[in-house]
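S.K.: Please model the complete structure; the sequences and the hints are all you need to start from.
So the sequence lines, in the order shown, correspond to chains A and B.
Using my numbering, read the first sequence as starting at 807 and increasing by one per residue.
Using my numbering, read the second sequence as starting at 807 and increasing by one per residue.
FYI, nobody ran anything at the bench for these hints, they're computed from the structure.
As the structure is a computational prediction, the values presented were derived from the model and not from experiment.
Don't take each hint at face value.
One copy or two, either will do: identical chains are not told apart, so a pair holds if it fits within one copy or between any two.
Said to hold, decoys possible - Only pairs whose alpha carbons sit at most 20 angstroms apart, straight line, appear in this in silico SDA-like list of lysine to any residue: (1) Lys902 with Glu925; (2) Lys814 with Glu905; (3) Lys902 with Gln922; (4) Lys913 with Ser930; (5) Lys808 with Ala857; (6) Lys902 with Ser930; (7) Lys913 with Ile932; (8) Lys902 with Ala809; (9) Lys808 with Gln881; (10) Lys814 with Glu828; (11) Lys814 with Thr927; (12) Lys902 with Gly923; (13) Lys808 with Ile821; (14) Lys913 with His892; (15) Lys902 with Asp917; (16) Lys913 with His894; (17) Lys818 with Tyr934; (18) Lys808 with Gln865; (19) Lys902 with Arg921; (20) Lys902 with Leu926; (21) Lys913 with Cys940; (22) Lys814 with Glu878.
Number of protein chains: 2
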Amino acid sequence: MKAADLRKAGLKATIPRLRIMEVLEQASPRHMSAEDLYRALSEAEEDVGLATVYRVLTQFESAGLVVRHNFEGGQSVFEMACEQHHDHIVCVRCGKVDEFVDETIEKIQLDIAERQGYELTDHSLILYGLCPDCRG
Amino acid sequence: MKAADLRKAGLKATIPRLRIMEVLEQASPRHMSAEDLYRALSEAEEDVGLATVYRVLTQFESAGLVVRHNFEGGQSVFEMACEQHHDHIVCVRCGKVDEFVDETIEKIQLDIAERQGYELTDHSLILYGLCPDCRG
DNA sequence: ATGTATGCAAAACATTTGCACCTGG
DNA sequence: CCAGGTGCAAATGTTTTGCATACAT
Numbered sequence: 807m808k809a810a811d812l813r814k815a816g817l818k819a820t821i822p823r824l825r826i827m828e829v830l831e832q833a834s835p836r837h838m839s840a841e842d843l844y845r846a847l848s849e850a851e852e853d854v855g856l857a858t859v860y861r862v863l864t865q866f867e868s869a870g871l872v873v874r875h876n877f878e879g880g881q882s883v884f885e886m887a888c889e890q891h892h893d894h895i896v897c898v899r900c901g902k903v904d905e906f907v908d909e910t911i912e913k914i915q916l917d918i919a920e921r922q923g924y925e926l927t928d929h930s931l932i933l934y935g936l937c938p939d940c941r942g
Numbered sequence: 807m808k809a810a811d812l813r814k815a816g817l818k819a820t821i822p823r824l825r826i827m828e829v830l831e832q833a834s835p836r837h838m839s840a841e842d843l844y845r846a847l848s849e850a851e852e853d854v855g856l857a858t859v860y861r862v863l864t865q866f867e868s869a870g871l872v873v874r875h876n877f878e879g880g881q882s883v884f885e886m887a888c889e890q891h892h893d894h895i896v897c898v899r900c901g902k903v904d905e906f907v908d909e910t911i912e913k914i915q916l917d918i919a920e921r922q923g924y925e926l927t928d929h930s931l932i933l934y935g936l937c938p939d940c941r942g
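M.R.: Here it is as structure tokens:
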């Protein structure tokens, strides 16, 4: 992801935006909060304000470059948008996040929306549990 | 729901708790934020502090009397716990919330958790869309 | 050049907590 | 009576906003 990609999304290719994109692209785990991102940038001596991190993430979300999730715990987390839509399973003990795809669930969701008369625009499926490492 | 039910849950049957339970039981729509509840109580001349509303809702949640949801929009919403687990479909325009149950999805979720090695403790499935009244 | 983006500090929210006073059992 | 509950106000944590300055094109 580089300057041209930002311009294509209608955003000026500024240093803060490029840095934020870089960090998020190389993030492992893929999911970071605004604060995580801010800390990562600070540690890398990149002088980006927290307000800018929030503003840029919101713009990236609108542009479809990143996806925001509201897992339990109060703050939003972000990940790079990727080709394949997927859902999440979160460890309630250690916070680990795994991803999965299930076509059957996707299809049933559409059926349910239709049955209720809704035009589906989005959905959020989050499973919570104990990950292999945290199970007794 | 009355005093005895609260005591059974290990909670003293105080006026604020009884009032909050009453409002939530008779709520329509079923889903209310802490602020909604506080306003409803104030309008009914019931003098309950906002901090108490939050404290009581948290206690009720721990006791399994109410369920908390984190829909989009920053604040948590609560509903009376009911026999049947269900998921939600929320109108992104007017905020209307409908409920649905789908056994197939429930079952697949268990499969997925198992496949990923997780011990499932909870899950959240929320569909977002335009409700019949808000479409086109 | 000039319209936007940024950094900082302050504001805005949702929620939690400390503490002196009240209340249910 | 007294452990626990409550109201209020202050603290917290997250996200947003106002504004003067800096930057991309």
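S.K.: Would you mind marking each hint as holding or not holding in the structure?
M.R.: Checked hints:
1. Lys902 with Glu925: between (33 angstroms within a copy, 13 angstroms between copies)
2. Lys814 with Glu905: neither (28 angstroms within a copy, 40 angstroms between copies)
3. Lys902 with Gln922: between (34 angstroms within a copy, 12 angstroms between copies)
4. Lys913 with Ser930: both (14 angstroms within a copy, 17 angstroms between copies)
5. Lys808 with Ala857: Intra 22 angstroms, inter 48 angstroms, cutoff 20 angstroms: neither.
6. Lys902 with Ser930: Close inside one copy (18 angstroms) and across copies (17 angstroms); limit 20 angstroms.
7. Lys913 with Ile932: both (17 angstroms within a copy, 14 angstroms between copies)
8. Lys902 with Ala809: neither (32 angstroms within a copy, 41 angstroms between copies)
9. Lys808 with Gln881: neither (28 angstroms within a copy, 36 angstroms between copies)
10. Lys814 with Glu828: within (17 angstroms within a copy, 54 angstroms between copies)
11. Lys814 with Thr927: neither (24 angstroms within a copy, 42 angstroms between copies)
12. Lys902 with Gly923: between (36 angstroms within a copy, 12 angstroms between copies)
13. Lys808 with Ile821: Classified as within: same-chain Cα gap 11 angstroms, cross-chain 60 angstroms, threshold 20 angstroms.
14. Lys913 with His892: both (13 angstroms within a copy, 18 angstroms between copies)
15. Lys902 with Asp917: Between copies only: 19 angstroms across, 31 angstroms inside.
16. Lys913 with His894: Both. Shortest intra-copy (17 angstroms) and inter-copy (16 angstroms) distances satisfy the 20 angstroms Cα cut-off.
17. Lys818 with Tyr934: neither (38 angstroms within a copy, 31 angstroms between copies)
18. Lys808 with Gln865: within (16 angstroms within a copy, 49 angstroms between copies)
19. Lys902 with Arg921: between (35 angstroms within a copy, 16 angstroms between copies)
20. Lys902 with Leu926: For Lys902 and Leu926, the Cα distance is within 20 angstroms only across copies (14 angstroms; inside one copy 29 angstroms).
21. Lys913 with Cys940: neither (32 angstroms within a copy, 23 angstroms between copies)
22. Lys814 with Glu878: neither (34 angstroms within a copy, 28 angstroms between copies)
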